[in-house]
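Chain residues, written in single-letter form:
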Amino acid sequence: MIRTEELLLNVGPQHPSTHGVFRIIVKLDGEIITEATPVMGYLHRGTEKLAENLNYTQIIPYTDRMDYVSAMTNNYVLCHAVEKLMGLEVPERAEFLRLIVMELQRIASHLVWWGTYLLDIGALSPFLFAFSDRETILNLFNELCGARLTYNYMRVGGVKWDAPEGWIDKVKNFVRHMHGKLDEYHALVTGNEIFLSRIKGIGKYDADTAIAYGLSGANLRCTGVKWDLRKNEPYCIYDRFEFDVPVGQNGDCYDRYMVRLEEIRQSLRILEQALEQFPEGGETMGKVPRVIRPPEGEIYVRIESPRGEIGCYIVSKGKAEPYRLKFRRPSFVNLQILPKLLIGENMTNLITILGGIDIVLGEVDC
Amino acid sequence: MQHYWDRPLTWGTAGIFALGAVAVLAVVIVFVTYAIYFERKVIGWMQFRKGPNRVGPFGLLQTVADVAKLLLKEDTIPAKADRALFVLAPALAFIPSFLVLAVIPYTRHLQFADLNVGFLYYIALSGVSTIAIVIGGWSSNNKYALLGGMRSAAQMISYEVPLVMSVVGIAMMTGSLNLRDIVEAQQGYFWHWNFLPQIVGFAVFVVAAVSELNRTPFDLPEAESELVAGYHVEYSGFRFAFFMLAEYVYMYAIACLTTILFLGGWNPPIPQLDFIPGLIWFILKFLLVVFFLFWIRATFPRLRVDQLMGLAWKVLLPLAILNIFLTAAGMEIFGARG
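If you're matching them up, the sequences are chains X and V in order. When you line the first sequence up against the numbering used here, it's residues 763 to 1128, in that order. When you line the second sequence up against the numbering used here, it's residues 8 to 345, in that order.
Pulled out of the complex, with its shape left as it was, chain V reads as follows (with noise of 0.2 Å):
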């Protein structure tokens, strides 16, 4: 895509920057789709059950079942909620989700806006979603709704700070904010990736973005066994299937992120194994990065609210810097590539 964007604008660029968007919306609906079918395929098969595999052949169109169903409910919006609000969050919601692909990297030439500020783009417009959430939850008018809303803006705006800053040390060692460049910069064995050097980092982040995704055990916002579905407690239908997307979508660009800067992208773990294209070593660290998310989901219990907050500014904010401070000690001995 890359050679387009230099272009003028014309009706033939336009038309093609319109395809590939609309491209970027199939591959990720379909992951969405059955990413949520291997969801639960796979915690059925860490709790002794089979998962769903009645629609379909191997129930794999449970999902399209689940959507038809969402789209064909009666669509409801309680009689004190704020209805301009209301049927604005979702929307608020699943936008920014969307937005935020552009800037990945799929493989060297597969991208669609190579920003400069890149990973800066994506956190300014991944923090929109946040007041989304807050807005469902208060516009809602229910109590659970704006417990879970008020929650859930307390732990993303907590939990951005460390995650902005656990990708300092990249920032530094690479020397731009750039997607692609971070990428380039990773060339070489498995070993140069950046979740070896930037181990720290790398753990901050993991926790980080699986707090941002608002997944287990960091799923107070919706923790069920307290706040009923917390913010989205009266949403349903289509609007509740726009919640649950975004969310998807999310989990699709913070994987996607995560293989980014410190899986080495599209780069093979050996360089030998290059005749693969990079499009499949991405996809296949992606479906690593993903599946470890399924795998804490059927693992762990959730954390309290005052815990969480505890952890991202007691332990992984303190963390993020100490790993700023050794990268820069590390490159100030050993060079700038450490």
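Only chain X is shown next, with the shape it has when bound in the complex (with noise of 0.2 Å):
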């Protein structure tokens, strides 16, 4: 009798697709997916407990090494929600500022996703020219903040280091010179044939089940639900500036490629009016205590990262350290889906569908 066996397969936690640390475990019949079962953990700092023995500004550089390739935004979510558990105000040129290193976060971010995506799809140039044009980004934030990674930028009540001269006009140049690129890279990708037919229809699932795993961004956007937070609770100034909310339609792989790309887009378009409207002069920091002492009471914040929904939960006894302090992690809860999704595909599927949840594994385990 001839028989077949499931091949039990393990990926990860050191394999050149799984972005990191990220472990699955899968059962193969064949090449075709009959269970998966993701271990995380391989990253995990304890950054939530370490937290709770350092003040506010001390927890700002561990919240950088979190979702690593989108700092800015990570830096905002602990800061805001400090602010507005002491209902301090930031001045106009901080939020400015913010608004501004967080936008070119977001594209920076998207840029890394988009090339590794499609290295893990097996396209070797975009990788390249998606690194040279964060390459641009990373400088302009070296220029501004004296690091190219973790920037440990803001502050609660406003940011640490103003713009250097000339600094607008560079990120003038930059948005204008980044639109041409998007053309490009629709150009060299978006219309090939094979590319499409790898992504078209992988990965699906509808609204219903996206909201019921808490999914957010670009994974939640992608089934037609018209959810982003700059519109629909804003912070900081996003109220001040017009942009459109990209939906997909189908919500498989492609929808949220075209979702992020149209993204960098909108954020190039947010980026030229704020960069129109920047303030002349002011203050860079607002009026803050020099101990930080948040009131005694509890608050909770959430903001778009790139990734989807970043949430910073903080509970204050009125002391200098927070008594508890919980991050809501869009790449974590975002990686639930995956054994759902991978039921029933093959394993290019698998790397297909892990890359286009967009996850970072600092942000994962944190």
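Worth flagging that the hints you see were computed from the coordinates, not collected in a lab. Ideal placement from N, C-alpha and C gives every residue a C-beta, glycine not left out. Heads up, some of the hints might be wrong.
[What the hints assert, rightly or not] SDA-like mimics (lysine to any residue), calculated; alpha carbons at most 20 Å apart, straight line:
no., chain 1, residue 1, chain 2, residue 2
1, X, K943, V, Q54
2, X, K943, V, G66
3, V, K150, X, P800
4, V, K150, X, G1010
5, V, K321, X, S959
6, X, K993, X, G1010
7, X, K943, V, M53
8, X, K943, V, W52
9, V, K150, X, E797
10, X, K789, V, K150
[Stated by the list, open to error] Reference listing, derived: stretches of chain V covered by chain X, where coverage requires no fewer than 3 residues with Cβ under 8 Å from a Cβ of chain X:
no., segment
11, 43 to 55
12, 310 to 316
[As the list claims (entries may be wrong)] Example chain X residues on the side facing chain V (calculated, C-beta under 7 Å, incomplete):
no., residue
13, L771
14, A885
15, S887
16, S894
17, F957
18, R960
Using the hints, build the complex out of the two chains.
Next comes the structure, spelled out in structure tokens:
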């Protein structure tokens, strides 16, 4: 008798396409996945516990290291939570700087995703194109705050550094340049027949499933749900600018791809307006007490990070350190749908689907 | 070499054959060394990078250094691997890749073996390499290697069919499978070369050939993002180098074969350019094909395994058969020389 056996394959934690130390154990029938068990925690550093013994300014560098592809938005969510708890006013100029760096960060983050996703699918060149554009953004950040990845830029009540001379013009140049680049990217990749056949109709789910799993960001918007916290619950100064929330229809990898690329375009739109209205002078730090002691109470704030809804929950007992700090990390929540999506797909689609979710392992494990 | 072939085998002719073989080996090794360098440079330029530029002038010794590194590496064999097969596989992959070069006619006179079934000889021997890849994947006792090996077997068997079928049209037009006769039949202006009258066959051949080479967009057996390295994931040092060498020698062979079958071999594009030696024309066309292979690697993403199979059986094979039909119809209507 000929008998076939299921193959238990261990993917990761050292595998080129798990984008870090993610591990997934798949049961294969031929090349078809019958069962998938994700294993997380290889990068767990206990950020939330560590934060309980640190004052608020000291926690900011830790947030850099959570989602290290999008450190600026992480900085912001913590500062925003503390400011809201203390009722602090943030000066106009600082708000503009925050918004500009967050949108630049969104573009940089989506570029990393775009490049690595194409690399997963087997195209080598887009990765280098995307990284050369991201390099421009990192250089801008470097000029602004002296760091290229973990910025530690924002502070409770404002930002640490003012924009240096000519920086705004450089950002303007970049925005102009990036518009053209985005068209090139579409021309190179989006129309490619092989690429389309790899991602169209793959990893499909509907809006109800997405909401039930708590997905956010492009993973939610690809199903047609128009939910963007920048629009729905405006924070910072997003309510002053015009932009659209791109949505998909089918909830497949192709829609996620298109939504993310369109978000780059919308971020450029926001940047254009913000750079036009950038205030001439003014403070970059509000009036903040020397030791930050939020009043007793608790608060939850959420903002739109490139990966989805990042939230920060603080319980304060009126001390300089938080009593309890909790981050809602979009990568972690978005990843939960993975085992469901993988059943019945083949090995190749595992990579396509996992890449399409857009996770950063530093954030998954926190 | 031809007139030596017809003489009786003496020590003298045997010596000349041996020398010729060593010469080809040297040419191919130099080609492989600089093809790798050239590939890295070309892809570097396409990606706004510089490519290798540290070892030697313009990085020309980079590949030499890489090979030296592979030679000096520890030779590891996994504890649970099937030792005999594990050792056999790289050699089995590498030997046929050199054997196929014997039938390649570079010019009218420069050819090592003038076989009447030259094309069949090529296909038959290159099929052996598939077995080597399966053996390599199987004997490594690694699941990723096994998946890579199995994919490779499925892929190479599937694509050999359209590859052979796409050449049938040429065989019909020429009335021969002898590679030299095929080139001789393409004399005249460049529109007499087979790629225009056999445009469908040419397209099928190029796609199938790229797939046979396991190169992007058909590099599934070694799909880095899914299978880490595919069938040679457990190989290191010089055994790994053998697999890589075989791959690049096949690239050399396929580029030669494309030049011969479709691009008129050593014939100049217009007969007035006859004063330039045929070997130069051959090399130019050959390099064009090689460049084309590098170019698509920098551009395309990878196909999925089921799409790959679908492409071979549902698209390429019917196209190749259509091409045979069209060729036959053309020959019937317009006479033997379409």
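Tested hints:
For the suggested pair X/K943 and V/Q54, the alpha carbons sit about 14 Å apart, so the restraint of at most 20 Å is met. A threshold of 20 Å between alpha carbons decides the hint, and for X/K943 with V/G66 the separation of about 31 Å lies outside it, so the pair is violated. Proximity of V/K150 to X/P800 is assessed by CA-CA distance (about 19 Å); at most 20 Å being required, the pair is judged to hold. The hinted pair formed by V/K150 and X/G1010 fails the criterion: a straight-line CA distance of about 37 Å is larger than 20 Å.
Distance restraint check for V/K321 and X/S959: the Cα-Cα separation of roughly 15 Å lies within the 20 Å cut-off, and the hinted pair is therefore satisfied. Between X/K993 and X/G1010 the alpha-carbon distance is near 17 Å, which keeps this suggested pair within the 20 Å criterion. For the proposed pair X/K943 and V/M53, the alpha carbon gap of about 15 Å is at most 20 Å, so the pair holds. About 18 Å separates the Cα atoms of X/K943 and V/W52, which keeps this hinted pair within 20 Å; it holds.
Only pairs whose Cα atoms come within 20 Å are accepted, and V/K150 paired with X/E797 is accepted, the gap being roughly 17 Å. A C-alpha spacing of about 12 Å is found between X/K789 and V/K150, which places the hinted pair at or below 20 Å, so the restraint holds. Only residues whose C-beta sits within less than 8 Å of a C-beta in chain X count toward coverage, and the segment 43 to 55 of chain V has 4 of them, enough to reach three; the restraint holds. Three residues within the 8 Å Cβ limit are the bar, and the segment 310 to 316 of chain V against chain X gives 5, so the coverage statement holds.
About 5 Å separates the beta-carbon of X/L771 from the nearest beta-carbon of chain V, less than 7 Å, and the hint is met. Hint on X/A885 holds. Least Cβ distance to chain V is approximately 4 Å, under the 7 Å limit. The beta carbon of X/S887 comes within 5 Å of a beta carbon in chain V, closer than 7 Å, and the hint placing it at the interface holds. Nearest Cβ of chain V to the Cβ of X/S894: about 6 Å, under the 7 Å cut. The hint holds.
With 7 Å as the threshold, the beta carbon of X/F957 comes within range of chain V, its nearest partner Cβ sitting at about 5 Å, so the hint holds. For X/R960, the interface hint holds, the least distance from its beta-carbon to any beta-carbon of chain V being 6 Å, beneath 7 Å.
Hints 2, 4 from the earlier list are contradicted by this structure; the remaining hints agree with it.
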